[in-house]
Structures are given as C-alpha cells and as structure tokens.
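Turn these sequences into a full structure, and let the hints guide you.
There are 2 protein chains.
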Amino acid sequence: MINTLYLPEIREMLALNDEAGLREFCTALHPARTAEFMEGLSAEEAFVVLQHAEPLVREELFSYFDHDKQVAIVESDDRLRVAELVADLPPDDRVDLLQDVKAHVVNELLPLLPMEERRDYLRLRAYPEDTAGAVMTTEFAKLSEALSAREALEELGKQAGQLETIYYLYIVDDTDHLRGVVSTRQLVSAMGKSTTTLGDLMEADVVTVNAVDDQEDVAKTVAHYDLLAVPVVDAERVLVGIITHDDVLDVLREEATEDAHRIAAVNPLEESYMRTPLLTLSWKRGIWLGVLFFGALLTAFALQQYENDLDEITWLVVFIPLVISSGGNTGSQSATLIITALATGDIKLGDWIRVVLRELIQGIVLGALLGLLGFLAAFLLHLAPDFQASLIIPVTLMLVVVCGTLLGSTLPLLFHRLRLDPAMMSNPFVAGIIDILGIIVFMQVARWML
Amino acid sequence: MINTLYLPEIREMLALNDEAGLREFCTALHPARTAEFMEGLSAEEAFVVLQHAEPLVREELFSYFDHDKQVAIVESDDRLRVAELVADLPPDDRVDLLQDVKAHVVNELLPLLPMEERRDYLRLRAYPEDTAGAVMTTEFAKLSEALSAREALEELGKQAGQLETIYYLYIVDDTDHLRGVVSTRQLVSAMGKSTTTLGDLMEADVVTVNAVDDQEDVAKTVAHYDLLAVPVVDAERVLVGIITHDDVLDVLREEATEDAHRIAAVNPLEESYMRTPLLTLSWKRGIWLGVLFFGALLTAFALQQYENDLDEITWLVVFIPLVISSGGNTGSQSATLIITALATGDIKLGDWIRVVLRELIQGIVLGALLGLLGFLAAFLLHLAPDFQASLIIPVTLMLVVVCGTLLGSTLPLLFHRLRLDPAMMSNPFVAGIIDILGIIVFMQVARWML
Numbered sequence: 001m002i003n004t005l006y007l008p009e010i011r012e013m014l015a016l017n018d019e020a021g022l023r024e025f026c027t028a029l030h031p032a033r034t035a036e037f038m039e040g041l042s043a044e045e046a047f048v049v050l051q052h053a054e055p056l057v058r059e060e061l062f063s064y065f066d067h068d069k070q071v072a073i074v075e076s077d078d079r080l081r082v083a084e085l086v087a088d089l090p091p092d093d094r095v096d097l098l099q100d101v102k103a104h105v106v107n108e109l110l111p112l113l114p115m116e117e118r119r120d121y122l123r124l125r126a127y128p129e130d131t132a133g134a135v136m137t138t139e140f141a142k143l144s145e146a147l148s149a150r151e152a153l154e155e156l157g158k159q160a161g162q163l164e165t166i167y168y169l170y171i172v173d174d175t176d177h178l179r180g181v182v183s184t185r186q187l188v189s190a191m192g193k194s195t196t197t198l199g200d201l202m203e204a205d206v207v208t209v210n211a212v213d214d215q216e217d218v219a220k221t222v223a224h225y226d227l228l229a230v231p232v233v234d235a236e237r238v239l240v241g242i243i244t245h246d247d248v249l250d251v252l253r254e255e256a257t258e259d260a261h262r263i264a265a266v267n268p269l270e271e272s273y274m275r276t277p278l279l280t281l282s283w284k285r286g287i288w289l290g291v292l293f294f295g296a297l298l299t300a301f302a303l304q305q306y307e308n309d310l311d312e313i314t315w316l317v318v319f320i321p322l323v324i325s326s327g328g329n330t331g332s333q334s335a336t337l338i339i340t341a342l343a344t345g346d347i348k349l350g351d352w353i354r355v356v357l358r359e360l361i362q363g364i365v366l367g368a369l370l371g372l373l374g375f376l377a378a379f380l381l382h383l384a385p386d387f388q389a390s391l392i393i394p395v396t397l398m399l400v401v402v403c404g405t406l407l408g409s410t411l412p413l414l415f416h417r418l419r420l421d422p423a424m425m426s427n428p429f430v431a432g433i434i435d436i437l438g439i440i441v442f443m444q445v446a447r448w449m450l
Numbered sequence: 001m002i003n004t005l006y007l008p009e010i011r012e013m014l015a016l017n018d019e020a021g022l023r024e025f026c027t028a029l030h031p032a033r034t035a036e037f038m039e040g041l042s043a044e045e046a047f048v049v050l051q052h053a054e055p056l057v058r059e060e061l062f063s064y065f066d067h068d069k070q071v072a073i074v075e076s077d078d079r080l081r082v083a084e085l086v087a088d089l090p091p092d093d094r095v096d097l098l099q100d101v102k103a104h105v106v107n108e109l110l111p112l113l114p115m116e117e118r119r120d121y122l123r124l125r126a127y128p129e130d131t132a133g134a135v136m137t138t139e140f141a142k143l144s145e146a147l148s149a150r151e152a153l154e155e156l157g158k159q160a161g162q163l164e165t166i167y168y169l170y171i172v173d174d175t176d177h178l179r180g181v182v183s184t185r186q187l188v189s190a191m192g193k194s195t196t197t198l199g200d201l202m203e204a205d206v207v208t209v210n211a212v213d214d215q216e217d218v219a220k221t222v223a224h225y226d227l228l229a230v231p232v233v234d235a236e237r238v239l240v241g242i243i244t245h246d247d248v249l250d251v252l253r254e255e256a257t258e259d260a261h262r263i264a265a266v267n268p269l270e271e272s273y274m275r276t277p278l279l280t281l282s283w284k285r286g287i288w289l290g291v292l293f294f295g296a297l298l299t300a301f302a303l304q305q306y307e308n309d310l311d312e313i314t315w316l317v318v319f320i321p322l323v324i325s326s327g328g329n330t331g332s333q334s335a336t337l338i339i340t341a342l343a344t345g346d347i348k349l350g351d352w353i354r355v356v357l358r359e360l361i362q363g364i365v366l367g368a369l370l371g372l373l374g375f376l377a378a379f380l381l382h383l384a385p386d387f388q389a390s391l392i393i394p395v396t397l398m399l400v401v402v403c404g405t406l407l408g409s410t411l412p413l414l415f416h417r418l419r420l421d422p423a424m425m426s427n428p429f430v431a432g433i434i435d436i437l438g439i440i441v442f443m444q445v446a447r448w449m450l
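Chains as they are written, first to last, in the working numbering: chain W, 1 to 450; chain L, 1 to 450.
One copy or two, it doesn't matter: identical chains are merged, so the pair holds either way.
Below, a list of computed lysine to aspartate or glutamate pairs in the EDC-like style, where the Cα atoms sit at most 16 angstroms apart: (1) K142 <-> D173; (2) K284 <-> E270; (3) K348 <-> D66; (4) K220 <-> D246.
Derived by calculation from the structure, the hints in this document are not laboratory data.
Below, the structure is given as structure tokens:
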C-alpha cells in the first residue's frame, strides 16, 4: 500500500521550489519513514527531493527506495549528480545496483566516479555472484596494532561517517594481511587504561571467510558464531573486505526462498518474481515440468501393462488418483522435513539410520490411519464391490505410504551424500517416483488379493 | 561429524585433575571452536571442564553446546554450581533453556538464583511463545539524557561485560518510558566534544516493537531498518527489553523452516525434527493427510461418474496420473512462487491483477509445451488409438495447466486477503483441488472430442 499522506504537500513544495520546506521534510523523520512517504513520487520527483538532503541522509533515503526506482534514478539524465550519489553508496550496494542499470549508462558514469570508488567497483564486480566477494563491502576500520585503545576510539570517531560498521576494528600488517580483530566493546571497556594497545586487546584467532566462499556458507558461519560482521580474506590471507549482519540477513532470506523454489521444482530466480521476465520464468518452470512429464509418462506405461486387469475390474480405476496422491503427499512431507532439517544442521549424514527408522515408524502409523479411512470409504460408500475387494485399498495405502516416507527421506539424504543440494530432490520429483511405484503396488496387490 | 582431535588429551587431563591444563584449554581458542572440541564429551565431563573457565568464558562455551547437552548439564545433580551457571546466562537464552528442563529441577534451581535473575526469568517466561517478549533480552544499556558522550562511554565500559549489545544506548525517563536512542557510533563520533549530552545526540523517533508483536513481524522490522537491535516496549511505551540481531537471525531461519513445512502440508514443529516425538510428528502430518484424503476421495467420486465412458474407452485410464500430476506440479510451482514473493514483500495484494495475468500467460506457454509433449507421446508411442484421439491429450493438458497456474496463484492471494497465512494454502492442497478439476476436464474433453 503506497502512503499518500504527504504527497500533495511534497508536490506543492516541488512546484514552488520551496527549498527550506524540502530540506525540513528530508530530516524531520527516520529516513526509512521519509522514504515511505516518497513512494508515490516518480523517479524524477524523488531525485529532485534528494538534492535537498545532506549527502549522508541522501544516501540513506536512496537506500530505502525500491530497486526499480533506484535504477530509474541512476538512469536519469543528470549524469554528474547521479555520479555524486553513486559515489556515496556503500561499495556492495553500488555493485548490486549498477548490475541492473543499462550498460551504456554505467560506462558513462564510471569516468565521473572518484578514482578510488571506480577501482573498488571494478574489483568487486569481478567476483562471481553468490560468493562472499560479491556480498562484501570494502569500507571497514583497518588499524595498526601499535595504537592505544583511546587513540583507536578517536580515530574511529573521525572515520565513523564513512564506515559501514564500526563495531569491529581489523588489525593488519603493512601488506594488509589480517593479524587480528578488536571489538568496539573491548575498546570501550579498555578506555580507562591508557597504555593498552590494540595489539594487547586483539583476538588473533579470527573467524574468517574466503572471498570465493559460497554466500550461504558465509551466512551459516556468521549465524553460528553470532557475529556482527565477518572479515573476508583472499588465498594469501590478505583482508579484502567484510560482510555485515544486514547483508547476512538478506542472504539468509534469499537462500530460504531459493530452497523453497527448488523444493517446488522451480529453478531459483535470479531476480524477484515480479521483475523476472515471463519467458525466463516459463523456462525455469518448463524445464522441470518437462523432466517430470517423462517421469509421469512412465506411469502411463505402467498402467498399460495392467490394462487387461483394469478392463475386468473397472472399479479399481476410481482409486488410482487417491492412491498416488496419498503416497505423493506423504513423500513430500518427508522430503521437506529432511531437506529443512539438513539445511538447519539439525540432521547430519551420520544420523541416516535413525532418520530412516523414524520415517519407517511414521510411515506405519500414517499408513494405518489412511488405510483405515480408505477401507471405510471403499466398503461403506460402496466404491468397492464387496468386503474382500475393499481390503485391497488399506493394504495398498499402507505399502504406498511407507514407500513415501522411506523414499522421501532417503532421496534427499542420498543427494546430500553425493554433495548435491538436497533441495534438488524436489517434492514433485519424489512424488513422481512414488506415483509409478504406487501404481505397480496397487495393481500387484489387486492381482494377488482377487 | 564430531571432532575427536583433542578428546584423549581432555580425558587425560580430567583423569589427572590437571587444573592448569584444563584452564589453558578453555582459553586458548575461540570459544566456539573449544566447544566443538568438547562435542564428544559426556554432559558430566563437559560440566567438569566448564568449572575451569572464567565465568564469562564459561557462559560463552556453554552457549555453543547443543541444546540436549545443555539440558543434561542443567539437570545434573550439583544444583548449586548449575544455578551459578544459569544465573550467568543471557535472560532470553535462560528462558529458552529452562523450558526443556524437567519442572522439578527448575523449581529446585529457582530459589538458588539471585533475586534479580529469578524475577527476570519469571517475567520473561510469562510471554506467549513466538512473541517479541519471548525473544527479547533484558540486559541492555539504559542511561539518562543528562550524561555527556564521554561519561556515557565510560559508563558503558564498566557495564560492557554484562550487556548483550553495547551498540545502542536507550534513553529513558524516571519511570522507564523510552525517550530516545543513541548509537555507539554517534557516541564515538562525539567523543571530542565534552559538552555534548546524550539528550543532544539522541534520536527521538525510535523504531520500536511491542512485547506482544509476532516475532516474524519483528524480524521483518529489523531487516527493513537494518538495525543491530530493536527496543521492545509495552502498551505504555515502557522499555521492557531489546531484541538483538543474532536472535533475529534465528527467528528468520525458524520462520523460513515453518513456511517450508506448511507448504508441504506439515503443521510446523515446535522443536527440531530429531527432538520431536514420533507421535507428535505423525499427528502433525496425519491431520493434513486426513484432510487431503477427503479431497482425494472426491477424485474417486468424480471418476465414478465417468465409469461408463472409461469402460468403453479404456486407453484413457493410462493418462489419468499424467494429466493430474501435470496440473498439480504446475499449481505447486505457482503457489510456491506466490507464497515466497508475498513473504519477502515482493508482491502486494494490490498487484493481484498483474500476478494473475502473468500466471495466465505462463500457463499458456507451459500448457503448450506439455501439450506438445503429450501429443507426441500419445500419437507416436501409440498410447492413444489414432490421430484424433491423440488430440484429447494436448487439449486437456493445456486446460489443466492453465487451471494450475490460476488456482496456484489466486488461492494464496485469497488467503493473504483473508489475513490467513498464505503458506497454509499448501502445495498438496492446491494439487488436490487441481486433481479433481483435472479429472473432470479430462473426461469432458474426451466426451466432447470422441
């Protein structure tokens, strides 16, 4: 819902070029709220309003705009002012943003950026997507271990405006190799003792990640150690950047969405649903639907083998969808439970025997439940011709549901063992395999019992 | 995988009661790593090792143990020493932990806790699960606005050891009403100016959450404003606690897992997969499987209506699983895409017309693809008797796939509109509805074309 409360006032100030009013508007509230009130403005209008904010506030306001508006503003004509804004952005956000800006605009903006920002941009852009290098920022506090705690605090005070986090100071040698880390918490505690140096305070056993590490592993590391930020080093342990807690939050949300998509057999989207072109979206779904189609085709062949039986005992047909959906649903539940437990580290590969046993027991319990329901439906609702025929349904359901829990749990574990993403063993995939099995089980049970 | 590298050495030190060695072991590495090396120890052994660590390190080491070991340690016999450990824990973790400890142990420990910790525990325990109050901690920096920046820093230095975060100071009046917030970043920047008070620095427009707010909304707020911590207030705006970024990470992971479970028709687990009793797990799955079973029963009744047709045209039967799984898979994809996009805020209710149009177009593209595959399979593989009969399959698949995308997108949107969790419109649910539709469409198309 767009907040239109102040739109008329802002537009009037823009029309009258009321500089004092616009300046006041930019500073009165928390930037996140101010940005909300600006949602209804066009990119051009918003850019004019931004000109009335101080550089620090301007950058923050801009960071709360939605991505499309940010891109539209960067692509607007006033290259000089845009370059000023882009130069002020945090290095990691700058790379993310310019990725979606037209290439010729980026090429025209680059020469207008200060040299340091330009180099920074080109270096960060080189890291592959989804790696630590692509998420990290290069603005962090880097100090020498000879400084005293008080000197360090004062130095930090001077730099605070430009840094993305001031809560860890990284201690490096002359060639930028990481030597240790000091938290602002330690610094504040040691303020009284004037002789304490950063070297005395620093923790040398630093948790680091490598610039080419997968962003999901980075997020897990930060969550495991409860860090506010994690330093990123290259192969020679040179400190190249840091990843802060807010970026980790974004990574975690992104990865959870990717997993959910994989579980539903959609190739993860690189952009949001609304921004992904329809053909790309159709392709990411179609490729899996095609694969699943060939699986489903096998059910048709399986059924063909039993055509003569079905000709004779036509009432069996009405139970086909019920049998295969019961197996498929149970399998999806198991697969999802195991995939999420593997993702959160709740289950490890070594637990596989316990997991399979647990699923077997659940399969028996759930199979008994559905079998009972199935028998009652077949017998009492006269879907099957007589008592003995009705017994086919509970026997089949029990077997199919147990197959569902066993396959639904072992297939993701197997994928994990093969170092593939267990979420690739998606629910429709598991369900597809159980469909085929379900039909074979159903027909064999029917043959055997009639 | 349990790290057994140092287990023999630790056990030897324990056997010899080598106090110096154990003390050294507790401090040499980052506590998270030390805790890893202790994974192979029994709860009793680990508790003895903990006795050799300083209180602060002991508490941190303990926090890295897995939950079961923590519970076992708290339930061990030495109530006095356990009470000492429990008193040192962060208030929010203490509540989470004691929740799983046997009630009589908790009752015996409570009188041994210092009065403040005991009151704190009883107050926090009263908040319902999944609310801000249940996640928050009560250890934070609360100062008066009259203090200067330097005084505040010094005060912070003294308290730093007991606080969970020192990165925001909260300014309250005499009756603990929240007046404003100052970040340590601002404090450090203002260190030079001795006359600046907290009142001058503080931001009065503070983002807060209410103690009874849902934890998922709290996580969204923190992520939206990129906060390190958010203050929790009661209905009278009295500051009762704060929620820090690491707890928000945990909430986000928990909620993502819950959504994934709901999407697969499993009632979200309160504990991890491995710790949930098998009967509880079976119940959380069985209740949905039962509901879905009654849906599937409708497919049986639908098929019964067409029994005469199926008797005459038996080849149609072999396509039943293929038709309904194609519709179900497409529907699951749409439902998951829409549910995740709603969860991340990428789609809002107002977008529903665009969303449905996008899904319609994708339905046509995907229906054409699967229809082509279906026709080729029916005609070239002689699953259908002739050319005209083969055409039934593509027409049916096109209609079923379009139904899948439309239902898969509109049902979660509808649930969202009704202020229900869109993830409740789970994939098996959507697939179940499409199963019934698919059979009716299939049979009607066949009647019409033959």
